[in-house]
Structures are given as structure tokens and as C-alpha cells.
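Go by the hints and put chains B and C onto chain A.
Here's the letter readout for the chains.
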Amino acid sequence: MAYVAVKGGRVAIENAAKFLEHERIKGRSAPLGVDQIKDQLPLLVDRIMGEGSLYAPDLAALAVKQASGDLLEASFILRAYRTTQTRLGYSVPAAAGEMRIIRRISAAFKDIPGGQVLGPTPDYTLRLMDFGLADDSRTKRREFLHSVFKDICDSEDLPETFPKIVEMLRTENLLEDRTERHVGAVKANDLTRGSITFPASRDVALQSMARGETGGLLLLAYSNMRGYGNVHPTVGELRVGFLPVKVRHPYTGDEHTIGEVKATEAEIISHAMTPEGTPKFTLGYGLCFGHNEIKAISMAVLDRAIQTEEPEAPSEDQEFVLSHVDGIESMGFCNHFKLPHYVTFQSSLDRTRKTQEVWDESEAVVD
Amino acid sequence: MNLKQWLTSDLHAERATGKYSFAFLDEGTKREIRRKILKAIAIPGYQVPFGSRELPIARGWGTGGLQITLTIIGPRDILKVIDQGSDDSVNAVNISTFVTRVTGVTLTTDTTEASIIQTRHRIPEEPMNEDQVLVLQVPIPEALRTVEPSEEETRRMHAEADYSALWLYLYEDIIRYREISIGARYPVTVNHRYIMDPSPIPRWDIPKLHRAKNLFLFCAGREKRIYAIPPHTDVRPLEFQDYPFRVEDFKGAVCCRCGSTATYLDEIIEDETGARIYLCSDTAYCAKTAEEQRA
Amino acid sequence: MKPLLRVKNLTKKYGEGCPACTAGLPGEQESNICQTCGTVFACSGVSFDLLAGEVLGIVGESGSGKSTLIKLLNFDLPQSQGELYLSCKGGPQSASHPAVPVNGDNLFTLSAYQKRQLKNFLWGIVYQSPHLGLKMNVSAGGNIAERLLMAGWRNVGKIRERASVLLAKTEIPVSRMDEPPKNFSGGMQQRVQIARALSNEPVLLLLDEVTTGLDVSVQACVLDLIRKLHRELGISMLVVSHDLSVIRLLTTRTLVMRHGRVVESGLTDQVLEDPQHPYTQLLVSSAL
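Protein chains in written order, with the numbering used here: chain A, -7 to 359; chain B, 101 to 395; chain C, 32 to 319.
The shape of chain A in the complex, shown without the other chains (with noise of 0.2 Å):
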């Protein structure tokens, strides 16, 4: 017999990895440090920590270098890690005007009490690329912050609280009256600890979100603004800032401030009617880890999306959204078919001779 059976799996699967760990090592540049990739791709290490599902910047930054910087593989690590921590309890719901402001725009109105606060973004930046970055140095960093503080003049501290712009429409009583589901949740539903069943309930659809894959929940929403839905978002306020996380003391009960944590928050205003029939203003939320405001947004169009009473198309179909945001259960069950799956083949290989068989005997008795 001429054929030898495949064998040395676990010997094939280790020289993989050290081929994939050659790989990102074989050229000739220094290591890369956690602390650069932290430092100067915060971004990235947002996003990993908003689709990972836990907030740990240097383990998102040193999940970002172990996978070469594919963000689904870093997602997935930080993911799996997390599983092996034990759940030490849930902290105390932090309201959204708590943040410490970074960044704080509304497009709805000119002007917002508060102002409306730029603070970093590329949105106005023409993407020029910026050769000037191959020629990056300590000295030129350096020279560059110098230039920035110099000439900065004595201007006022920002205020220390901003009032939610929706607050205003509230007030107006232009705001859909907000129904039982939406306030004082006795303890919210934690997704991790079951499987979703649908309809879900707005606090696990938003979970579910927050955890879901940036492109994905990008793909959905703007199906929805072209046209494949009615949402017709207007962004009512976007913050992106620092959110403390509170936890209650054991014995005492009371509450401590033990960290902060950077978060996006988008609020989209779009229209609805009420039972009444009168129009009234309804809200879409989104929230997630880090500064990440495609995600945010993306999320609260969907929100509203996923409300809508009698949906069409996708992106207003509950089970079909969020169903498939998750990036980890995606990319698993992508990359699975690559496994062998010859045996259900040759069934398969079976069924399709078998049909044919059958049919060209059933054509030669016509014929």
C-alpha cells in the first residue's frame, strides 16, 4: 500500500507558531514596547478594549503586539482573558453627567450652554499624509509642545459639569415621555452570565453592542442613514471623556470612587410618534469603552433601529442585529471553515452522486 497516513499534528501546530512568531520579529527594527503601542496608538487600544470587553489599557496594548496587529485576534485575547478573572461584583450605575469632559459637540444646535468643546479629533484635519512623521524624534516632540504651551494665553477653566443637551428637549416636553423599561432598572441584565433570548431587553441589546465589533455595528447603522431604515439620526450630543467607576464598600454601604474609566457617548435624536399621534423627539444611545466615536454612534442609530415597531430592513430587526455584532463569535465561526470537514463532505459527495445516479436513470427510461 502506497499511502502513509498523515501524522506529527502536534508538531505541525508548534512549528506554526513559532513560524507566526518569526514573522513579526524578523525585521530589523528595534522591539515595539507595550508602552509605545499605548502611548501612541491609543486608539487602537481603544477599540481592543471596547470589543475585548474589558477596560486594561497596557493588556489591550500587549494583546495589540502578541497578534501582529490583526484586531480581531488582539479582541479575542483580550476576551479570553478576561473569562479567567474572577467577578468580584457590579459597580454602581455612574450617571452620563458625571464625565469629566475631553471632547463635547452637538450637532443639533449652533450653540450649547457649555459650548460646544472640539477637543481632539481629526474631523477637521485634511488627511494630508504627513511624511514630516518618518523623521520622528524626542527633540522634535519636544520642540513641537514647547510651541503649543508658549503661546497660550490665560483662558477660562472649563466648567466642571455640562448639562445634557436631551435635558433641554425634555424640558420643551418635546422628548417621548420615558416609559418603565427605559428608568430605574432594579439591577440590569448581564449578558455574559446567559445566553440572549429575543425580544431582548434594551440593557442586554445595548451590552450586547457596547461588546460588538466596530465595522460590523458600522455596517448596520449605515445601511440604515442610506436608506434601508428610517432612523434620520441628528447627533444630539457626543461626549467623550472620563466616566468614574464607583463600587460600594462592603460593611458601610457606601459609595467609592476607585478609578475612572475613558468612555464615548453618543445620544442621536430622531422622530417618532406617540400613541397619541402628536410627534415628539425620540433618543437612540450608545456607549462604549475608550474614544471610539464611530462605535458610539453607529450604536445609538441602531438602538432606535431595533425599536422600530414594525421593522423591514435589516438593521431594524433585533435578532439580525444583534445576532451578528459580536467580533469574536464572528471571526470564530468565519475562520472554523478553514478545519478539515472532509467527512461531511464525502456524505456530502455521496448525496450528489446518489441524485445524480437516480436522475440518469429516471432520463433513460423517458428516453
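By construction, these hints were calculated from the structure, which means they are not laboratory data. All clues stand as given, with none of them false.
Here chain B is said to cover these stretches of chain C; the calculated rule only asks that three of the stretch's residues, wherever they fall, bring their Cβ under 8 Å from a Cβ of chain B:
1) 143 to 157
2) 175 to 183
In the DSS-like style, the derived pairs of lysine-lysine whose C-alpha atoms are separated by at most 25 Å in a straight line are:
3) 104/B x 254/A
4) 104/B x 57/A
5) 254/A x 238/A
6) 308/B x 346/A
7) 351/B x 346/A
8) 30/A x 104/B
Since we're looking at a predicted model, the values are computed, not measured. All C-beta atoms, glycine included, are put in the ideal place defined by N, C-alpha and C.
Showing chains B and C alone in chain A's frame:
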């Protein structure tokens, strides 16, 4: 504190040596999965939802089967892991390496020696007994998915035993092709009540589910469902009286290693000659048979 | 003699309701909307009996509630209030089926599973739009087979035999059994619906505007077929239509509906020749 400081601090000391609980999963997770397994056994063929955890292996690559194995395994268990029937398949090797690393259990390739067998897409040729558990990896747990994409709707269909859409699909298959064209993932009725997806095992393996002595546990990690066939349970493939269920037909092909004509065969196209040869998919059984013949 | 079907106080409302309309819309009104809270009463306290072998007509204009009524009886919509009773042994198909309860229970209180079984064995519905009643991409035979499969038939040959009989009975060429209805003309699609409704030898047929929208000559064919089936099978029927000539042709007794209520009922001949209620008089006099 930066990463380097954290790694050397007391906070990280526990993790420094990569110490995890026995079988990786924490006790809370194991408790939930055990309870869900019991519920699944109590309702044969019914899909029980559970809080599926992420693992270092990707979704779609066996996290479901792995969660069951890690939940039920004890230090004295003997484990066998196969993929496409082979212990040497890279996926099987990857999984068995992980499990032995976090449990220290003994591995075997002999079906008759194992107490737990985790498998992807095949049931071993040798019948198992009441001391053994077969854990199957499931990509899509829903038998009705072919006719209905919505989970909300398929759950209602199962609750109301509203299966006519699936039967209609089979009928249309027959009038179109004069045969039922489903290959693997052939739907079965369990305990005269629930229609179940047996995972992508070939039709060849379906008869092994009926009134078996061993327990079958199925788990889809990504879809987050556990289901079971307890021992001695009625499991029948969907069929018509005049179009009965049929297993694959190898047309007299013979395993070129052990000479078997009564096992599921892999078709292989030879490198040099381009000829077609056949080998048992269950490589361990094949090796055993070939060995016995030589003796 | 006990009626085959008894409907009591059937009501369907859309809206929250309010103290003014909890007990139903007061008296006869010019609309079916509660003036206080805006709740719409699609059906309001409808009660009637259907005797075995009878063909009962339900006539009204759009918005009268006649289509809602049929949908409530077929469990397509949940009722707000009301009771439904069936008195019969069921056809030979259902004789041995444990899930089919008759004689005594208010059918609206049954579980979804029981309702499905009941519908499958005891009656069939034909909708105005074939898209509602048929799976357009499944073969005509398959559409008939679906109800047989739900009843537990497991022999393809026998299923096809029965489908052929039904197709012949509804004057559809048997050679087209394996074609999807989307390729058929409107009249033929309605006949496939009828064949499907008859598959398990039901005691009752619900016909909702089945000839509306068809060409006049095609209408005549379908109506002829329905009359023939009634003669041959003795099957009871509920015929919903806005067309008085259809009512006249098919039915022996008629209910007139307006704003969700039954405003007049009686023998078809009497209702059409000598209408008592002002609305019926208006309807009859407006007919071309």
C-alpha cells in the same frame, strides 16, 4: 503602575505561574454547566441555553465541546479527542493538549479505554458502553435553521411541535431530486418529541444514536446551547415510508490499510498516480484492526 | 340540534381602552372608535351560530370588521374577548388524533399547539390574497402536502395520490402538481388554496373575499367550484364578501356587518329582498 510593575507585583503573583483552577473553568461556571447538562438529560433533544464562556480557543473551533469536557472531567478520567475520526488531526491535537495541560489526565487513542471522548463530526466505530460519555462539538444546534433563520421563531416551533416546515422541505427535496439530499446534520426525532440536529456527523453514524448504552452530550459554544441523548433513548431519522433513510454507499470500496468494508471511509486522491484510494475515517480503529490482522 | 359553530360576544380592539369603553362600545354608533380614548373596535360583540352543512354569508364594506372576524376565527389574531365553540366529531382524519378537542371547550382557551392541530384537521381557510395562504416558492402539491404532513402523513406516494385527487376536484391539471403557484394565474392560485384547505377533510371552510380581484369569468368558475364542493361534500362554509351577488349565489343565510357589529341577520333572500336595517337598505339599493 505600568505593565512591568504589575507583572512583578503581588497582584499578579497568582497568575504568574499560569495557575488556573482544575480544568481551567472556575467553579461557578462548572456549576452552571452541570445544572444545564442535567436539564438537557431530563429533556432529551431539547436545546438548553447557557452562559457560554470564552476560551483560549476560538469560537467555532470547539469551545462548546470543550466546556462540557472541562466541566465533567475528573483527575482519573481517560480522555480521547478526535476530529473527522482521527486522533492526529491538528484540531484534535490542539484540544487534547489544552485539556491535558489544565487537568493532567491520561490520553488514549483507544475508544474502548476512554471514559470521555470529545469528537468533531464523527462517532467512533466501536460501540460505547454505560461507563462512557461522548461529547460532540456542534456548530449549528438548530435543526430547523435550514427552513427558518430566526431563533425566536424556531424556539416557538419547538415549543409547539410545529415541524411541518421541515417535513415540507424534505418532501420538496424528494420531488425535486427523488432522494432526500441532506448529507451530514441529518435531522432526527428524539424520544418521540423534539427534532434535533445531531451535529455534522455523516448519516453513517446516525443509527449509533438509537438506544445506545452511552450518554451523548452536545454543545454549541458560540450559539450557547447544550442538549443531550440519555442512554436507551429512541432516536429516529426523519424519513418517509416509501423513501427510507439511507446511509452513505461506498459501493464496495475497501480500506486499503485494514481491509474493512464496514466502516466510514475517507476518499483520498493519491499524489503520484491520481488514483482514488479509501481509508477508514476512524484511524485508531483502523490501526487496531490492521494490527489484529497481522497477529 | 346543536350548531356546528357557536360564536359568542367576539370582540377585537386596538388600543388601551378606557372606563367609557371597557364594557364595549355603547349602543349603535356612527363609528367603531371610542370617542374618549381612541380605541378602535374592529369587532364588537359579534355573536352567531353556524349549522352543519350551512353556507353563511358575512357582508359589509371595507372597515366593517368582516375580515377581522374571519382572522379571529382562524386564530390569526388574538381576540380581546369572546367565546368559540365547535360541536362535531371531526372528519375521519381527526378521529384518532388526541390533540383535537371538541364539544364543550371554549376554543380560544386552548394552547397554541392545540389550536394548530384543530385548524389543521377541522377547518380550512382561503384568503383573498393567495400570498397569504400559499407558499409561493413551494410546489402546488407541496402546499397541499404541508397540511397532510402536519396531520402525520409519512408516505410520499400516498400524499401525492391525495394531492392529485384534490387537484382534480378543484379542476387543476395534475401535471402541474410540482410547479410553484407563483407561475399560476390568479384563478388557479385560488383553486390551489381551496385544494389545500380541503386536504384533511375539514367540516368547515372559511372563505375570505376569495373571488375579489379576479376577472369576471374566472370569478364565475371559482364560484361554481365552491357550489359544486358544497353539493358533493356537504361542507359548512363561512363566506365573507362585500359583493352582494356572491352572497346571493352562495349563501343561505347572511349577517350584515358595519363598524364591527352585526346590524342585521336572516335568510339571504329575505335580507336582500326585504332589508330591515337602514344600512342594509343602503347597501342593497346601491348595488349595480
